[in-house]
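A.B. asks: Each protein sequence line maps, in turn, to chains A and B. Quick note on our numbering: the first sequence kicks off at 69 and runs consecutively. Quick note on our numbering: the second sequence kicks off at 1005 and runs consecutively.
Think of the hints as simulated: they come from the structure by calculation, not from any bench. Watch out, some of these pointers could steer you wrong.
[What the hints assert, rightly or not] Computed far set for chain A versus chain B, every beta-carbon distance over 12 Å:
(1) 72
(2) 114
(3) 116
(4) 117
(5) 126
(6) 140
(7) 142
(8) 144
(9) 148
(10) 160
(11) 169
[What the hints assert, rightly or not] Dumping the calculated SDA-like pairs for lysine to any residue here, alpha-carbon to alpha-carbon at most 20 Å:
(12) 158(A) - 1188(B)
(13) 183(A) - 1115(B)
(14) 92(A) - 1197(B)
(15) 183(A) - 1038(B)
(16) 158(A) - 1200(B)
(17) 183(A) - 1191(B)
(18) 111(A) - 94(A)
(19) 92(A) - 1114(B)
[Unchecked claim] A few chain A residues that face chain B, going by a derived Cβ cut-off under 10 Å, partial list only:
(20) 125
(21) 130
(22) 153
(23) 155
(24) 162
(25) 177
(26) 179
(27) 193
Using N, Cα and C, we set each Cβ at its ideal position, and we do this for glycine too.
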Amino acid sequence: MSDLKILAVDDSPTMRRIIVNTLKRAGYEDVTEASDGKDALAKMQIDTFNFVITDWNMPNMDGLTFVTKVRSDPSTAKLPILMVTTRSVKDDIVSALKAGVNNYVVKPFTPDTIKEKITEVLANI
Amino acid sequence: MDVKSLPNFEKELRGLREAVGEMLNRFRELHSPIRESQEKMPEASRQLRKVTDQTEAAATRVLDVAETLNDRDMTMIQCLNEAKAQAEKNGITVLVKKIDECRDLAEQNQNDTFAIMEALQFQDITAQQLAHTMDLLHDIETRMDILTAMMDGDAKAKDRLHEAENDKEVKAYDPHAEFSVGKSGQADVDSLISSLKSRE
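Next comes chain B alone, as it looks inside the complex:
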């Protein structure tokens, strides 16, 4: 190296040292907010789990009532059938007609009760969506733990990052679960199955 360029070299080196020092300060500044966010993750997961538990409890309660209504309707329909038989036996046609009207109403009630049960399937679907969200939060939490460990100089933290990225654990939820699929979804499935079976 040329002696004349030494002052410039020293200046460059000083500048580089200042830049590295500034980067380290920035890292240290990040450390604290990351730690705070890490501490909030478990609480976020707990709240989501509460939502799942409470919607399941509410769905169970609605199902209890729906089943009671359905049982009562079935009893009512049976009573009306017996009453109709008696009315027919005694030739009371006006009464037979009225009984038929009442039975139609009871059957409509039954259909509506099952419509309620159909709607309650939301609980299974939202539970899967929440399970997916909790899984994502857990993934973020793991990566933040690894990040802070790396910033603290943990040499094995990078290996844990690779493990987290390669985690192939089978999930007990459908990440694409949606309530809106329903009837149109079933028609598409039926069409696909028909076309697959016709190719066999």
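Excised from the complex, chain A in its bound form:
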């Protein structure tokens, strides 16, 4: 069982549950949920996370803006971030990488993909 503390950000309650179940299956039990970028930043103010999984299209604050803000804060600039989204066009992927995501998963994803990408990101930081 991993001691990684993960923040999972998605506006869909169904998706958040699926992500939490997928992470548990991969051995990551400590998962906190947030419903959008603004909620995620608020939760990051009161708790410390060492991995973030975020959606892109969300109300209040979208994933790209959230990632940009995380990267601009020196205390979270190096936080590993995996984007999990339906957006699959090249320009979007390039924008996400430029904003600072470490890796990118398109929905619908398999549990193996999530586990593989988390492992890859952690291996490269």
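Start from chain A and add chain B according to the hints.
C.D. replies: Just chain B now, with coordinates in the frame of chain A:
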């Protein structure tokens, strides 16, 4: 103007007046169907919202059952592991083999449960597609409101049309969201990221 051409001029003017009158009648005829369509737009949006709400409720219910099945499988696998340990301790090899078969079945169940969860991601994708459709309907509704306002002689209606056209509000949905992207989509993304990172 030549006096002799006056009758022709009068005839042309009369013809023009009739044409303008006919155009105005046509506009008035359009007004009523446009108003009726406008009245149906909010109902169309409401129905689409119901679809989103109800598919989310159904997906939540399926997820509840999938989680229960998964928890039960995990308990079963744990029980079988304990039983196997006992069987091995007592040298009952036939039983050990049977327990392994049962455990394989339980693990297959777990894989299938996660396949159900993977399929349930459709709900997020269809919710985005419906949000896009509702947005398009709202856009049509706004433009129809402006059109009827212009037909009613509202001088500021045209400004509202420009505002609607320049609306750059960030959307909380992906207009290209599709369920079919999946595995092949991920392979393409991985390939793109590899090529981008190798250029750095």
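A.B. asks: Take the hints in turn and mark each one as holding or not.
C.D. replies: These are the hints, each one checked on the structure:
Every C-beta of chain B lies more than 12 Å from that of residue 72(A), the closest at about 20 Å, which supports listing it as non-interface. Here residue 114(A) stays apart from chain B, with its beta-carbon at least about 25 Å from theirs, past the 12 Å limit. No beta-carbon of chain B is positioned within 12 Å of the beta-carbon of residue 116(A); the least distance is around 28 Å. For residue 117(A), the shortest C-beta to C-beta distance to chain B comes to about 23 Å, beyond the 12 Å cut-off, and the non-interface label holds.
With a closest Cβ-Cβ approach of about 6 Å to chain B, residue 126(A) is found to fall inside the 12 Å limit, against its non-interface label. Remark: the non-interface label on residue 140(A) is consistent with the geometry, its nearest Cβ contact in chain B lying 19 Å away (cut-off 12 Å). No Cβ of chain B approaches the Cβ of residue 142(A) within 12 Å, the least distance being about 23 Å, so the stated non-interface status holds. Every C-beta of chain B lies more than 12 Å from that of residue 144(A), the closest at about 22 Å, which supports listing it as non-interface.
Chain B leaves residue 148(A) outside its interface by the beta-carbon criterion, the shortest separation being 15 Å against a cut-off of 12 Å. Distance check on residue 160(A): its Cβ comes as close as 9 Å (rounded) to a Cβ of chain B, failing to clear the 12 Å threshold; non-interface status is violated. The claim that residue 169(A) is not at the interface with chain B is violated, since a C-beta of that chain comes within 12 Å of its own (minimum 10 Å). For the proposed pair residue 158(A) and residue 1188(B), the alpha carbon gap of about 14 Å is at most 20 Å, so the pair holds.
Of the pairs offered as hints, the one joining residue 183(A) and residue 1115(B) holds, with about 14 Å between alpha carbons and a cut-off of 20 Å not exceeded. Between residue 92(A) and residue 1197(B) the alpha-carbon distance is near 27 Å, which puts this suggested pair outside the 20 Å criterion. Among the hinted pairs, residue 183(A) with residue 1038(B) is inconsistent with the structure: their alpha-carbon atoms are about 53 Å apart, more than 20 Å. Restraint check for residue 158(A) and residue 1200(B): satisfied, since their Cα atoms lie roughly 11 Å apart, inside the 20 Å limit.
In summary, the hint linking residue 183(A) to residue 1191(B) is supported, as the alpha carbons are separated by about 15 Å, within the 20 Å threshold. Between the alpha carbons of residue 111(A) and residue 94(A) the distance comes to roughly 23 Å, so the proposed pair goes past 20 Å and is violated. For the suggested pair residue 92(A) and residue 1114(B), the alpha carbons sit about 13 Å apart, so the restraint of at most 20 Å is met. Proximity of residue 125(A) to chain B holds as hinted, the smallest CB-CB distance being about 5 Å (cut-off 10 Å).
With a cut of 10 Å, the hint placing residue 130(A) at the interface with chain B holds, because the nearest CB-to-CB distance is about 6 Å. Because the closest C-beta pair between residue 153(A) and chain B is about 7 Å apart, less than 10 Å, the hint holds. Interface restraint check for residue 155(A): the shortest CB-CB distance to chain B comes to about 5 Å, inside 10 Å, so the restraint holds. With a least beta-carbon distance of about 7 Å to chain B, the hint placing residue 162(A) at the interface is held under the 10 Å criterion.
For residue 177(A), the suggested interface contact is upheld, since its CB lies about 7 Å from the closest CB of chain B, less than 10 Å. Taking 10 Å as the C-beta cut-off, the interface hint given for residue 179(A) holds, the closest approach to chain B being about 5 Å. The restraint placing residue 193(A) at the interface with chain B is violated, with a minimum CB-CB distance near 14 Å, outside the 10 Å limit.
The structure is inconsistent with the numbered hints 5, 10, 11, 14, 15, 18 and 27, although it conforms to all the rest.
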